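Undergrad: Next come the chains, spelled out residue by residue.
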Amino acid sequence: MSEIQAKAEVERVRNTVRRPFLSPLNQRRWQNFKANRRGYWSLWIFLGFFILSLFAEFLANDKPLVASYNGEILFPVLVDYPEEKFGGFLAVTDYRDPFIQEEINANGWMIWPPIRYSYRTVNNEIPGAAPAKPSWLYTKEERCGRYDLGVDDPNCTVGNWNWLGTDDQARDVLSRVIYGFRISVLFGLILTFASAVIGVSAGAVQGYFGGWTDLLFQRFIEIWSSIPVLYLILIIAAVLPPGFWILLGIMLLFSWVAFVGVVRAEFLRARNFEYVSAARALGVPNRTIMLRHLLPNAMVATLTFLPFILNGSITTLSSLDFLGFGMPPGSPSLGELLRQGQRHLNAPWLGISGFLSLSIMLSLLIFIGEAVRDAFDPRKTFR
Amino acid sequence: MNQPLLSVRDLSVAFSQGGGTSIAVDHVSFDIQPGETVALVGESGSGKSVTALSVLKLLPYPAASHPSGEIHYGGMDLLKAAEPQLRGVRGNDISMIFQEPMTSLNPLHSIERQIGEVLKLHRGMSGEKARARTLELLHQVGIREPEKRLDAFPHQLSGGQRQRVMIAMALANEPKLLIADEPTTALDVTVQAQILELLADLKRKRGLSMLFITHDLGIVRRIADRVCVMTKGKIVETGPTAEIFANPQHEYTRHLLAAEPKGQPPAADLEAETVMTGRDVRVWFPIKKGFLRKVVDHVKAVDGIDVTVRAGQTLGVVGESGSGKTTLGLALSRMISSQGEITFRGQRIDQRSFREMRPLRREMQIVFQDPFGSLSPRMSVSEIIEEGLKIHEKRLSAEERDQMVVDVLEEVGLDPAARFRYPHEFSGGQRQRIAIARAMVLKPRFVMLDEPTSALDMSVQAQVVDLLRDLQKRHDLAYLFISHDLKVVRALANEVIVMRNGKVVETGTAEQIFTEPQTDYTRALIAAAFDIKTAPTGVVSE
Numbered sequence: 001m002s003e004i005q006a007k008a009e010v011e012r013v014r015n016t017v018r019r020p021f022l023s024p025l026n027q028r029r030w031q032n033f034k035a036n037r038r039g040y041w042s043l044w045i046f047l048g049f050f051i052l053s054l055f056a057e058f059l060a061n062d063k064p065l066v067a068s069y070n071g072e073i074l075f076p077v078l079v080d081y082p083e084e085k086f087g088g089f090l091a092v093t094d095y096r097d098p099f100i101q102e103e104i105n106a107n108g109w110m111i112w113p114p115i116r117y118s119y120r121t122v123n124n125e126i127p128g129a130a131p132a133k134p135s136w137l138y139t140k141e142e143r144c145g146r147y148d149l150g151v152d153d154p155n156c157t158v159g160n161w162n163w164l165g166t167d168d169q170a171r172d173v174l175s176r177v178i179y180g181f182r183i184s185v186l187f188g189l190i191l192t193f194a195s196a197v198i199g200v201s202a203g204a205v206q207g208y209f210g211g212w213t214d215l216l217f218q219r220f221i222e223i224w225s226s227i228p229v230l231y232l233i234l235i236i237a238a239v240l241p242p243g244f245w246i247l248l249g250i251m252l253l254f255s256w257v258a259f260v261g262v263v264r265a266e267f268l269r270a271r272n273f274e275y276v277s278a279a280r281a282l283g284v285p286n287r288t289i290m291l292r293h294l295l296p297n298a299m300v301a302t303l304t305f306l307p308f309i310l311n312g313s314i315t316t317l318s319s320l321d322f323l324g325f326g327m328p329p330g331s332p333s334l335g336e337l338l339r340q341g342q343r344h345l346n347a348p349w350l351g352i353s354g355f356l357s358l359s360i361m362l363s364l365l366i367f368i369g370e371a372v373r374d375a376f377d378p379r380k381t382f383r
Numbered sequence: 001m002n003q004p005l006l007s008v009r010d011l012s013v014a015f016s017q018g019g020g021t022s023i024a025v026d027h028v029s030f031d032i033q034p035g036e037t038v039a040l041v042g043e044s045g046s047g048k049s050v051t052a053l054s055v056l057k058l059l060p061y062p063a064a065s066h067p068s069g070e071i072h073y074g075g076m077d078l079l080k081a082a083e084p085q086l087r088g089v090r091g092n093d094i095s096m097i098f099q100e101p102m103t104s105l106n107p108l109h110s111i112e113r114q115i116g117e118v119l120k121l122h123r124g125m126s127g128e129k130a131r132a133r134t135l136e137l138l139h140q141v142g143i144r145e146p147e148k149r150l151d152a153f154p155h156q157l158s159g160g161q162r163q164r165v166m167i168a169m170a171l172a173n174e175p176k177l178l179i180a181d182e183p184t185t186a187l188d189v190t191v192q193a194q195i196l197e198l199l200a201d202l203k204r205k206r207g208l209s210m211l212f213i214t215h216d217l218g219i220v221r222r223i224a225d226r227v228c229v230m231t232k233g234k235i236v237e238t239g240p241t242a243e244i245f246a247n248p249q250h251e252y253t254r255h256l257l258a259a260e261p262k263g264q265p266p267a268a269d270l271e272a273e274t275v276m277t278g279r280d281v282r283v284w285f286p287i288k289k290g291f292l293r294k295v296v297d298h299v300k301a302v303d304g305i306d307v308t309v310r311a312g313q314t315l316g317v318v319g320e321s322g323s324g325k326t327t328l329g330l331a332l333s334r335m336i337s338s339q340g341e342i343t344f345r346g347q348r349i350d351q352r353s354f355r356e357m358r359p360l361r362r363e364m365q366i367v368f369q370d371p372f373g374s375l376s377p378r379m380s381v382s383e384i385i386e387e388g389l390k391i392h393e394k395r396l397s398a399e400e401r402d403q404m405v406v407d408v409l410e411e412v413g414l415d416p417a418a419r420f421r422y423p424h425e426f427s428g429g430q431r432q433r434i435a436i437a438r439a440m441v442l443k444p445r446f447v448m449l450d451e452p453t454s455a456l457d458m459s460v461q462a463q464v465v466d467l468l469r470d471l472q473k474r475h476d477l478a479y480l481f482i483s484h485d486l487k488v489v490r491a492l493a494n495e496v497i498v499m500r501n502g503k504v505v506e507t508g509t510a511e512q513i514f515t516e517p518q519t520d521y522t523r524a525l526i527a528a529a530f531d532i533k534t535a536p537t538g539v540v541s542e
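These protein sequence lines map, in sequence, to chains A and B. Under UniProt numbering, the residue at position 241 of the first sequence is numbered 241, and the numbers go up by one with no gaps. Under UniProt numbering, the residue at position 118 of the second sequence is numbered 118, and the numbers go up by one with no gaps.
Note that these hints are calculated values from the structure, not bench results. Warning: the hint list may mix true and false statements.
Label-pair distances were calculated between CB atoms; the ranges are [claimed, not checked]: (1) Arg279/B <-> Ser226/A: 22 to 28 Å; (2) Glu70/B <-> Asn272/A: 54 to 60 Å; (3) Asn286/A <-> Glu70/B: 55 to 61 Å; (4) Ser201/A <-> Phe291/B: 30 to 36 Å; (5) Asn272/A <-> Arg206/B: 51 to 57 Å; (6) Ala417/B <-> Ile111/A: 55 to 61 Å; (7) Ser226/A <-> His424/B: 40 to 46 Å.
As the structure is a computational prediction, the values presented were derived from the model and not from experiment. Note that CB positions come from ideal geometry on N, CA and C, so glycine has one too.
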């Protein structure tokens, strides 16, 4: 009898509430984060922009999303169909060609994305010389004057508007901003994440082992960080064709250093904590001690740093593009947009679009960063 | 009856936190007569420090508030007084000394400057005059050769000397009331006795009133005229010291009085199986000088000590702080490197590397002093306890591990349902139980206990000592028990080593040491621990 009771008791104990999804500490942090209204809203707005931009191909593209041709459902946005399929001769179909459009519409239908330009689509029907003004500054007659049938042409629709005008190669600025935003944020995120991994590991090893390891590593970092990065990129750009991954690699070589200082300091401080000694006394291996007991301490400092490093990475990429040493020509890039704005002062929509998109993105990130800093501040109290 | 110097009436303190409010002090009243010492006694969390801090309005306002109450001092209600008036009272009429002298002194200022600043602020003294007064004060608080100490920085002084400097600063303006917030808790028992002696002396000579806050009834008996016993924010009993000790009325007071570590260790049995021995153990830290870092001398933290720890027995290592007792324990459990032969259950372990030691770690465990520092704040209790199992018992399934955690928590007297909570949700005593559970879950043979009770309240100390004795009996454990508090040692150890400056002063069975101490040093330790009496100058450190 008593044994059964004891078993039931054990069962009850085992079934008592497991820990919640967030630990109490993290719940408090989340509350603190939410208490900073500006940062909280910035997070949602930024996430909205970022997720939208991840689906840029479905927002702004020169291919229809779905088409029906001779009873067959096609997905031009995902699959490249040769033009032969529609009676043309190019290897890749140009869906903006009136002939192809007529052919598909005669034998089925097609659904376009809201903006019918990709970042590299050249708009041959702009009313004046490139760069062309935003479409809403023209009358309907001017806007559609270059189409075959003028205002009655089926292509004279809102989908073919250049909401923010075109650049000097007659490419749609809005679609370049959308693609450029995506590439900037992705570049920033990958660079920040990779430098955090390298920087935190390097700082952890130095702080934990201390002594000679620390001394040698610190001197190496001093020498390493005194190399002028910009000139190095110029030199490497002369040898290797600069691209997304090459730029990322070069900048990663230097950006991890930013994390070492704080992480090393945290590890130096915490390695003599009693619970670390206690873990050592249990025979826990060094690697596990560093990961399980010390890293959480250092993560607070690291996470507080992250949004600012992210901002820095985005700014660096944009400034390289602005100087013409960044992404290969033709890539959608906010820095390149700014460069065009600087070259074509008579086309203010270029400069203004570039400035607004960059400054809004960076401000949102800074606001989020401030809220993250608040969230991890143990002394912060809200009344 | 005279007009009281300080009169606290119906005082309440509330803290608002994250929307809710908690009452820390609940309608407390007491008086302090001129020249009287009143002790506020209670366990941590009973609201005694908060009461004292609100006298000087030093609480974190506006998070703290006073829903009710008046504090009358010199015809003024301090709770309603404006900030400039309060500043006139603080430090001038009412001074305060704190628990931790190291953090209360500015580490970058010399002693002369620390005390001189007080004199300058409140008295407008400077130059020669301030210097003369500083010397006088240092002399009064019993710092020998004060001229040589004027230029010293806080880190160059011992804990007792630092507390003396704090007292000198508090006395600089000849206050009428001194508030002492656990002034001796961070000090060794021998130094504690000296500081209490000094305070009693000052009270006699200057007619100083004192509000003394402590959790230690031994101190109260020695120093206080009247006692207020506090628990959960309320004063449950108040009266003259002698009366309270002779005839406690409230149940809680009786509980406190009964809380001294009691009980007898198992009889010393020299035949029991030897678990650990150390022969001529030495830990020398080199002192390096010059450009080539030549070793010029050594700090001999542990200098040639022989120990034997037997199964089911406890070896107590006692001594003041700095005597090398913790270093000896760390050397024996191979946490730091040492010279000399160490054997554990017949195997030589002094030559083993950290990696080679790992398999033995499960059999030798350590319980640390500070239960707040030794548990990782980011891990739940269950994660903390099963960490060792994950390393030494890799074969166990998650359910088996969980079962072992449940069992060990029950064994140390904690509710197993609490194992998914985090350390900060537990009190000091409960946390120490968790730390003991972490060591016990591995079923060790040898446990090093590094002052496991000195960070705890008196009544909790007794419980932890009982628990340790119980566990030892059940599992035939060998303890190496390190402490400066002979009261606890007497309740647990059957053999004792008395250490000073890295060397053994005296060794023998607990009975021999406690009944017939052979050296002055041991006698001084015993007097300080049991009667809170000071020893003749020079026998113990200051």
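Undergrad: 55 to 61 Å was suggested as the range; check whether the CB atoms of Asn286/A and Glu70/B agree with it.
TA: Given about 59 Å between the Cβ atoms, the range holds.
Undergrad: Check the following: the C-beta atoms of Ser226/A and His424/B are separated by a distance inside 40 to 46 Å.
TA: Holds - the Cβ-Cβ distance for Ser226/A and His424/B, about 44 Å, lies within 40 to 46 Å.
Undergrad: Using the C-beta atoms of Ala417/B and Ile111/A, is the stated range 55 to 61 Å upheld?
TA: The hinted range 55 to 61 Å holds for Ala417/B and Ile111/A, with Cβ atoms some 58 Å apart.
Undergrad: With respect to the beta-carbon atoms only, verify the hint that Ser201/A and Phe291/B lie 30 to 36 Å apart.
TA: 34 Å Cβ-Cβ, so the 30 to 36 Å window holds.
Undergrad: With 22 to 28 Å as the target window, see if Arg279/B and Ser226/A comply at their CB atoms.
TA: 54 Å, violated
Undergrad: Can you tell me whether the CB distance of Glu70/B to Asn272/A sits inside 54 to 60 Å?
TA: Violated: the Cβ-Cβ distance is about 47 Å, outside 54 to 60 Å.
Undergrad: Could you say whether the range 51 to 57 Å given as a hint is met by the Cβ separation of Asn272/A and Arg206/B?
TA: Between Asn272/A and Arg206/B, where Cβ atoms are some 43 Å apart, the hint is violated.
Against the hints set out earlier in the document, violations occur for numbers 1, 2, 5.
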